[in-house]
Amino acid sequence: MSEKLKLIIELVPSSSWNQNLRSLLKPQMWERLKKEVYKKYDYKCSICRAGGKLHAHEVWDYDNKKYVQKLADIIALCSKCHAVKHIGLAGIHASEGKISYENLIKHFMKVNNCDRDVFEKHQAEAFKKFEVRSHFEWQIDLTEYQNGLK
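Residues are numbered in our numbering as their position in the sequence shown, beginning at 1, plus a constant of 169.
No lab work stands behind these hints, which were simulated from the structure alone. Think of the CB as a built atom: it goes at the ideal place given N, C-alpha and C, for glycine as much as any other residue. Please note: incorrect hints may appear among the correct ones.
To be verified - Pairwise CB distance ranges (calculated):
#1 E271 to K239: 31 to 37 Å
#2 A219 to E306: 34 to 40 Å
#3 Y210 to K279: 16 to 22 Å
#4 V287 to Q197: 39 to 45 Å
#5 K204 to S303: 29 to 35 Å
To be verified - Capping the alpha-carbon separation at 27 Å, the derived lysine-lysine pairs in DSSO-like fashion look like this:
#6 K290 to K275
#7 K203 to K234
#8 K239 to K275
#9 K208 to K195
#10 K213 to K195
#11 K173 to K297
#12 K213 to K175
#13 K222 to K208
#14 K297 to K234
#15 K279 to K267
#16 K203 to K175
#17 K213 to K173
#18 K222 to K203
#19 K195 to K222
#20 K239 to K195
#21 K267 to K239
#22 K208 to K298
#23 K175 to K297
#24 K297 to K279
#25 K298 to K275
#26 K239 to K175
#27 K195 to K173
#28 K175 to K298
#29 K173 to K239
#30 K275 to K175
#31 K208 to K290
#32 K173 to K298
#33 K175 to K290
#34 K297 to K222
Given these sequences and hints, build the entire structure.
Shown next as structure tokens:
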């Protein structure tokens, strides 16, 4: 189903939580990388094309046999698309009153031109994949960024 969707949920396995490129790069390199990513996408969200404040989002490829999580790309996302990508964390933020979960669902449906049923099926699939992947310890492959690591 996710092949037809422009905006998909991407939950990283629990063994990889808090292991992002930003925390591993020297701050000045992360800032430079973010600026390059934003420029590449013409300072707009790569998914919904919204302008404004952007986030640099890491896109991962998963080898489900060797349990290697390789950084495939970094894309520019608006805050809503970024929150949908990390909907598990967004749910925590919503429970703390920091964001509206319902607004994220509406954003998903608008971007994908779909109904709530499609969202709920996609979300269930994403959480099922997360559960399966979280049973394993994942190796993180940042080969491309080796020179900038702390």
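Inset, instruction - Just tell me: holds or violated, for the beta carbon distance of Y210 and K279 against 16 to 22 Å? - result: Check passed, 19 Å falls within 16 to 22 Å.
Legend entry - Pairwise hint evaluation, K175 against K213, where the allowed Cα distance is 27 Å at most: Holds: K213 and K175 sit about 15 Å apart, inside 27 Å.
Legend entry - 27 Å Cα cutoff - pair K297, K279: Between K297 and K279 the Cα gap is close to 24 Å, so the pair holds against 27 Å.
Inset, instruction - Compare the distance between the alpha carbons of K208 and K290 with 27 Å, and conclude whether the hinted pair is satisfied. - result: Answer violated: K208 to K290 is near 34 Å, above 27 Å.
Legend entry - Given pair status - K173, K195, alpha carbons within 27 Å: violated (37 Å)
Legend entry - Restraint check for K173 with K239, where alpha carbons must lie at most 27 Å apart: This hinted pair holds, its Cα atoms lying about 23 Å apart.
Inset, instruction - Given the hint that K213 pairs with K173, test it: the Cα-Cα distance must not exceed 27 Å. - result: holds (22 Å)
Legend entry - Satisfaction of hint between K275 and K290, Cα-Cα up to 27 Å: holds (15 Å)
Legend entry - Hinted pair K275 and K175, Cα distance within 27 Å: holds (14 Å)
Legend entry - Satisfaction of hint between K208 and K222, Cα-Cα up to 27 Å: It holds: about 13 Å lies between the C-alpha atoms, which stays within 27 Å.
Legend entry - Consistency of beta-carbon spacing, S303 to K204, with hint 29 to 35 Å: Hint holds: Cβ distance 33 Å, inside 29 to 35 Å.
Inset, instruction - Could you grab the alpha-carbon distance between K173 and K298 and see if it respects the 27 Å cut-off? - result: holds (18 Å)
Violated hints, listed in ascending order, are 7, 8, 21, 22, 27, 31 and 34; each of the other numbered hints is respected by the structure.
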